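Chemist: In case you want the letters, here they are:
There are 2 protein chains.
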Amino acid sequence: MEIKVDISRAKSSAVTKEHGVTPADLKAIEPLVLAAHKRMQTDRKNKTYGFYDLYKDKATLSAVKKMARSFKNKGIDNLVVLGIGGSALGITTLFTALKSPYHNLLSKEERNGIPKLFVMDNVDPATFAEMMRICTPENSLYNVISKSGGTAETLSQFLIVLEELKNSLGGDALKDHLVVTMSPPVKGAKASPLQHFQKKYDLPVFHIPLNVGGRFSVFTPVGLFPAAIMGMDVDTLFKGCRAMDKRTSKASLMDNPAYLRAAIHYILCFNKNKSMSVMLPYSDKLCDVSDWYRQIWAESLGKIVPATDEIAQYHVGMTPIKALGVTDQHSQLQLYLEGPNDKLLTVLEETKFDTKLTIPEGDKAVKSAAYLSGKTMNQLMAAERKATVDSLRECDRPVIQVKFPKVNEETIAQFLYMLEVETAMAGHLFGIDPFDQPAVELIKNFTRKNMGA
Amino acid sequence: MEIKVDISRAKSSAVTKEHGVTPADLKAIEPLVLAAHKRMQTDRKNKTYGFYDLYKDKATLSAVKKMARSFKNKGIDNLVVLGIGGSALGITTLFTALKSPYHNLLSKEERNGIPKLFVMDNVDPATFAEMMRICTPENSLYNVISKSGGTAETLSQFLIVLEELKNSLGGDALKDHLVVTMSPPVKGAKASPLQHFQKKYDLPVFHIPLNVGGRFSVFTPVGLFPAAIMGMDVDTLFKGCRAMDKRTSKASLMDNPAYLRAAIHYILCFNKNKSMSVMLPYSDKLCDVSDWYRQIWAESLGKIVPATDEIAQYHVGMTPIKALGVTDQHSQLQLYLEGPNDKLLTVLEETKFDTKLTIPEGDKAVKSAAYLSGKTMNQLMAAERKATVDSLRECDRPVIQVKFPKVNEETIAQFLYMLEVETAMAGHLFGIDPFDQPAVELIKNFTRKNMGA
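Those protein sequences? They're chains A and B, same order as listed. The opening residue of the first sequence carries number 389 in my numbering; numbering runs sequentially from there. The opening residue of the second sequence carries number 389 in my numbering; numbering runs sequentially from there.
Just chain A, same shape as in the assembly (with noise of 0.2 Å):
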C-alpha cells in the first residue's frame, strides 16, 4: 500500500506560470538537485546522518518489543512521556493517525488493556500537576525522552516525578515506573542529568543513536518505545520506511517524491513569493502530521545563510502553518483563496476511512438539504477536498496533493520518512545545514540566566 504524490495543481499548466511550477523551472533545478543527491548519499554511506537507515535496526526493534511486553502485566494504565519538541511530536502523531479519537475515553477493556497516554510537551504548572493527580503513581508508566539529558523543560518534569514515585512507592518501585530514552554516554564526557540518574536508580533505557537529531527521532525509541506500549504495529512502521525508502533514494528528480516536493517547495519559495507552507489534511486521523511537519520543517530550514565574499547573511525559511480540512474552509479558506498568493498548500487525502456514515434523508419537505440525503459523510469529506482543491485552482494558487489509500502504520511511516528526506534535500538547496538549531541555544541561554544558573 504507497502514497501518492500529485504535483499537477502545482504546475504552471494547472496554474499560472506566476504562482506554478513550469517546465524550464524543473530542468533549471534538476542538476541542483542531483549534486544534493550525492552529498547525501555521501552523508548516508559516512553516518554523519543517522536517520536514512534507522529501520534497518532490528536489535533496537526487538529490544523495544520485549521492552513493551515486559510491561504487559504489571498494571499500566496509563504511559505518561515526558518529553518536548522532536522527543514528543513523533508519538503524538503517531497516536492520532493510529488510535480512537477518543482512546483516553474509552475503558479498560475498550482498549484491550492499552494504557492512556498522556505526552507532556509543556511545563505549565496547572496541566502538570493536573496530569499528576489522575495518573496514579501505581499505575503510571513514565517515558522521560532527552537527547540531551538536560532538556530544562523534561528535567523539571522529571525530577517532580521522581520524587513522587520515591514518595509513594519506593526506591525499588522506580525501575516499574520509569523509561529512559536518551543519548549513550561517551567516554570521557561528563554524564547529563538523565544519564545520572538512569545509572543511580538502574532505570531501564533507551539510547537515541548520536547521529540522529531530535526531531528525526521517530524512528528510534522515542517513537518506537511509546508506539509499541500503545499497541501500534512497530514492525509496519519499518516497513513503511522501507518501502519509502525505495522511492526517496532514487538519484532522481522526477521519480524522487521527497526530492520533487523539496524542489518546488525551493523554486515557489525564492522564484514565486511562496513564504508559507500549509499542510491541510482532508482527515482528523492525519491532524497532527501538521504539527511534527511543522517542527522539522521550521527547525531545520529557517537559518540564516552565512555571509560570503560577495553576498551579505541572509534569512531563509519558508514558515510551515498546521490546518485542518474541512474544518479550516470556515476559517482560513477565505485567506487561503483572496489574500496574498503567498503559500504553497499540500492536501492530505484518506481515500478510505475506517468507517462509512450514512446521512438519513430527513424529511422530503426539505428541499434545500435533499442534495445530502443518503449521501455518506464520507462523500461529503471527498466533495469538500475536491472542492476546495478547485477553489484553489480557480484562485491560480498552487497545491500539491497526496493521497493515503488508507492510514496506517505503513502508509503514515512513509509519509513521516519521505518528509525527512524532504526536509534534508531542502536544506541542501537553501544552502543551510538543516541538523542544526542555534538560534534555540539563545532561548537556553537567557532561560539559564532568569533561573539565576
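Warning: the hint list may mix true and false statements.
Which copy? The list can't say, so a pair holds if one copy fits it or any two copies do.
Unchecked claim - Calculated cross-link-like contacts (lysine-lysine; reagent style PhoX-like; alpha-carbon spacing at most 25 Å): (1) K794 / K426; (2) K710 / K392; (3) K627 / K435; (4) K426 / K752; (5) K832 / K774.
These are computed hints drawn from the structure, not numbers from a lab. Please read all numbers here as calculations on a predicted model, not as lab measurements.
Guided by the hints, dock chain B onto chain A, whose structure is given.
Modeler: Relative to the frame of chain A, chain B by itself:
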C-alpha cells in the same frame, strides 16, 4: 481585573525602525484610526454591526441560564456541539481556558455533575461514528448551531443525530436532547432546513441576531449556552465585555488597546513586510484562543481590495498563526529568530497560574541541574517566556505582550472582545469589509456540485 497590552517591544526603541513602529508611524496613522472610529461608531449606533452591544442583552443571558438550568436534572452527561467555524471555536476557546485540561477524563463527581464536552467541528466519518458510539443518546444533549441553518457539515451531522435519537428514544424525547441555535425566521423568507426541523419537532431554540456574524458570535447563545451548561460563569463573561468596551470605545489611538494593536499590525504589514501575525501564549489555558483569533483574523481580513479607477485590485491579509509556549521553543522559535523577519508576534502571559509546582532538589551531585532545584515550574515558565521575548528583541523581531493577571471568565472575555474590535478596526485600515467572506461561497458551490446538487 484587567488584561494589559504592552507594545514596548514592537517599537523602534526596542527593535530597529525597519522592523518596529516609530513615533512618526503612529502619528501618521492616527487620523485614519480616528476617522475609522467615527464610521465604526455610526455602524454601532445604526445596529449594522451587533457584536458591540451583545453584553447588554440581559434577556438573552437570562434565557440561556434558564435553559441550562432546565437540563440540570435530566441525566445529561455529554454535551455535544454540532457546529463548524464560528459555531465551534467560541465554546472550544472558553472550554480550554476555563475547565480542567482533563475535564472529559474526570468522574462525574469530580466534574460536579457537569457534562463532558464534545465539539464536532469536522465531518470525518471515523471521528463522528466514534463520538456517536461513546455518547449514548439517553445521556447526551446535542446543541446544533448554524447561523444560516443550512451549513452542509452541520446539517449532515444533525440529520445523523436526529435519526439516531428518533430510533433509540422516540420522537417525543427529542426536545430533551436537542437544542437548536440559528437565525430567527424572517417574514416572507423561506425557512432554512434547521428552521424547518426546529418547528416540526418543536425543539428548544436560541436565535442568533441577524447583525452578528458567526465569527463574532461567541457572546450570543452560540457560545453562551454551551458555556452555561459547562458551568461557566456567563454573567462574568458579560462583565469582562463591559470592562473592555470601556477601553475599546475610546476615540484614541494610544489609549485604545484594540485600535493600537490594529494600527501596529497595519503599519508592520504594509510598511515593514510582516505578512504573518503569530499568537504565542505561554499558557495551556490560552492555547485555543489562538485558534479563535486565527479564524476571526483570517476570515475577516483575507480579502481582495477591489480595483478603483487608479489602482488595480490587490490582495490583503496577514496570515494568523497559532503557536504555544514553551512547547514551540523546541519547534518554531528557530525559524522565528533566524528565518525571514516577516512576523509580528503577540506573546500572552498568564501571570498567576492556578497551581504552584515546586521542582525538587533531586541530587546535589548533578551540578548541571542545580539551577532548577527548589525553583517552581511557574518560575521556569516565566523565565522561558522572558527568554523568548528577549531573544526576539536580540534578533530584531517585533513583539506585543498581553498580560492576563489570571485566566478566568473576566479576562478571557476582555481579550476576545478586544480582538473583535481590533479586527473591525483592521478591516477599516486595510480597506476591506471585515464582516463578509465571499470566497467561502466558491467552495460551497463546488461542494454542492460535487455532491450532485
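Chemist: Work down the list of hints and note, for each, if the structure agrees.
Modeler: A quick look at each hint next to the structure:
Proximity of K794 to K426 under the C-alpha cut-off of 25 Å is found in neither arrangement, the shortest distances being 33 Å within a copy and 55 Å between copies. In this homomeric assembly, K710 and K392 come within 25 Å of each other (Cα to Cα) only inside a single copy, at 20 Å, whereas the closest approach across copies is 29 Å. Taking CA atoms no more than 25 Å apart as the test, K627 paired with K435 passes inside one copy only; the shortest distance there is 21 Å, against 62 Å between copies. Proximity of K426 and K752 under a CA criterion of 25 Å is satisfied in neither setting, with 64 Å inside one chain copy and 49 Å between copies.
Taking the closest pair of Cα atoms, K832 and K774 come within 25 Å of each other only across two copies (11 Å); inside a single copy the shortest separation is 44 Å, beyond that limit.
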